[in-house]
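Q: As a plain string of letters, each chain reads:
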Amino acid sequence: MDVKGSRMAKNVTGQGRPLSPHLQVYRPQLTSMLSILHRMTGVALSVGTLLLVYWLAAAASGPEAFETAQSVVGSFFGIILLFGWSWALFYHLCNGIRHLVWDAGYGFELPELYRSGWIVVGASGALTVLVWFIAIVF
Amino acid sequence: MSFKSHLGRVRGLGSAKEGSGHWWSQRLSAIALVPLTIWFAFSVAAHTGADYEAMRAWVGSPVVAALLILTITAVFYHAYLGLQVVIEDYVHHEGVKVAGLILVKGACIVLGLVGVLSVLSLLFASSQ
Ligand code: HEM
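Chains as they are written, first to last, in our numbering: chain Y, 12 to 149; chain A, 2 to 129.
Think of the hints as simulated: they come from the structure by calculation, not from any bench. Please note: incorrect hints may appear among the correct ones.
[What the hints assert, rightly or not] Incomplete in silico selection of chain A near chain Y, CB under 8 angstroms:
#	residue
1	VAL35
2	ALA42
3	PHE43
4	ALA46
5	ALA80
6	LEU84
7	VAL87
8	GLY116
9	SER122
[As the list claims (entries may be wrong)] Straight-line C-alpha distance at most 20 angstroms; calculated SDA-like pairs for lysine to any residue:
#	chain 1	residue 1	chain 2	residue 2
10	A	LYS106	A	HIS93
11	A	LYS106	Y	TYR65
12	A	LYS106	Y	VAL36
13	A	LYS106	Y	VAL54
14	A	LYS98	Y	VAL54
15	A	LYS98	Y	VAL58
[Stated by the list, open to error] Listing some non-contacts, in silico: residues in chain A with all C-beta distances to chain Y over 12 angstroms:
#	residue
16	ARG28
17	SER62
18	ALA67
19	GLY83
20	HIS93
21	HIS94
22	GLU95
Quick reminder that beta carbons are idealized off the backbone N, C-alpha and C, glycines included.
Using the sequences plus the hints, can you model the full thing?
A: Here it is in structure tokens:
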């Protein structure tokens, strides 16, 4: 395999096998940033489910507990958390679909990777704005 | 280079000893979550600031309750499978890894159960 011009480094045996990027010296790229962001949003969403379950359990416990939960969620800090959670959800959702398309065997060419990456950035931003628009207007 | 036959390799099911089962479950739960989380996010957005009665009326619909239970189940199943991979990637001390995996699994089961039971109790409360 020809290693020249590709991003693969020559390993000890001289074969053109891909190596893991050495993150400290690796130029940040859209593709690698979006990749680690999928993991980070996955973990953040998991932590965020605590808030979701608290909210449901409060509703099940009666009017007073629910009022408290609503005021926690509606506080300045609560809104910031919810905003972050909603963006994380839409990012992870859109990029998750990108993952599923890869799993089906499509979209591996470099230009396609960049195109789908920017689509994910745009779509997750648009969905976040839309859901907050609905939340504020309705 | 491996000297194993294809069949031998398949029988061993790879280093995780469970073949493609985990991978497939993660994809299936992801596919289920696409419509479920979109529905959930926009429904909750449309109910911002709802009071207790409105909340009870909303969850009191069997269709809404069913969708909520499906969402909760798929989220915690998917989250457990995902967090498992993250722990396996970063935690290399065997004891800490096993403890972490048990903790995450337990937390997902407990949180999922509390979520589902909350939905059920709201559903039945509203039919009284
Ligand atoms: C609240 C909901 C969700 C939570 C808590 C969650 C959590 C996670 C976690 C923790 C991971 C592991 C990340 C990693 O291994 O790097 C993950 C991976 C994944 N998630 Fe989600 N997720 C959620 C919703 C979704 C949705 C809606 C989709 C839609 C397609 C999705 C698709 C995926 C896929 C495809 C992977 C595997 C990525 C890979 O192979 O690296 N997830 N998720």
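Q: It remains to establish, for every hint, whether it holds in the given structure.
A: Cross-check of the supplied hints:
1. VAL35: holds (7 angstroms)
2. ALA42: holds (5 angstroms)
3. PHE43: Holds. Min distance 6 angstroms.
4. ALA46: holds (4 angstroms)
5. ALA80: holds (4 angstroms)
6. LEU84: Status holds, d = 6 angstroms.
7. VAL87: holds (6 angstroms)
8. GLY116: Check passed: Cβ of A/GLY116 comes within 5 angstroms of chain Y, closer than 8 angstroms.
9. SER122: Status holds, d = 4 angstroms.
10. A/LYS106 to A/HIS93: OK: A/LYS106 and A/HIS93 at ~18 angstroms, within 20 angstroms.
11. A/LYS106 to Y/TYR65: holds (18 angstroms)
12. A/LYS106 to Y/VAL36: violated (36 angstroms)
13. A/LYS106 to Y/VAL54: holds (14 angstroms)
14. A/LYS98 to Y/VAL54: Holds: A/LYS98 and Y/VAL54 sit about 16 angstroms apart, inside 20 angstroms.
15. A/LYS98 to Y/VAL58: Cα-Cα ~19 angstroms, so holds.
16. ARG28: Non-interface label on A/ARG28 violated, nearest chain Y Cβ at 6 angstroms vs cutoff 12 angstroms.
17. SER62: Holds, since 14 angstroms exceeds 12 angstroms.
18. ALA67: Consistent with the label, A/ALA67 stays out of reach of chain Y, its closest Cβ about 15 angstroms off (over 12 angstroms).
19. GLY83: The assertion about A/GLY83 is violated, with a minimum of 5 angstroms to chain Y.
20. HIS93: holds (16 angstroms)
21. HIS94: holds (19 angstroms)
22. GLU95: Holds, since 22 angstroms exceeds 12 angstroms.
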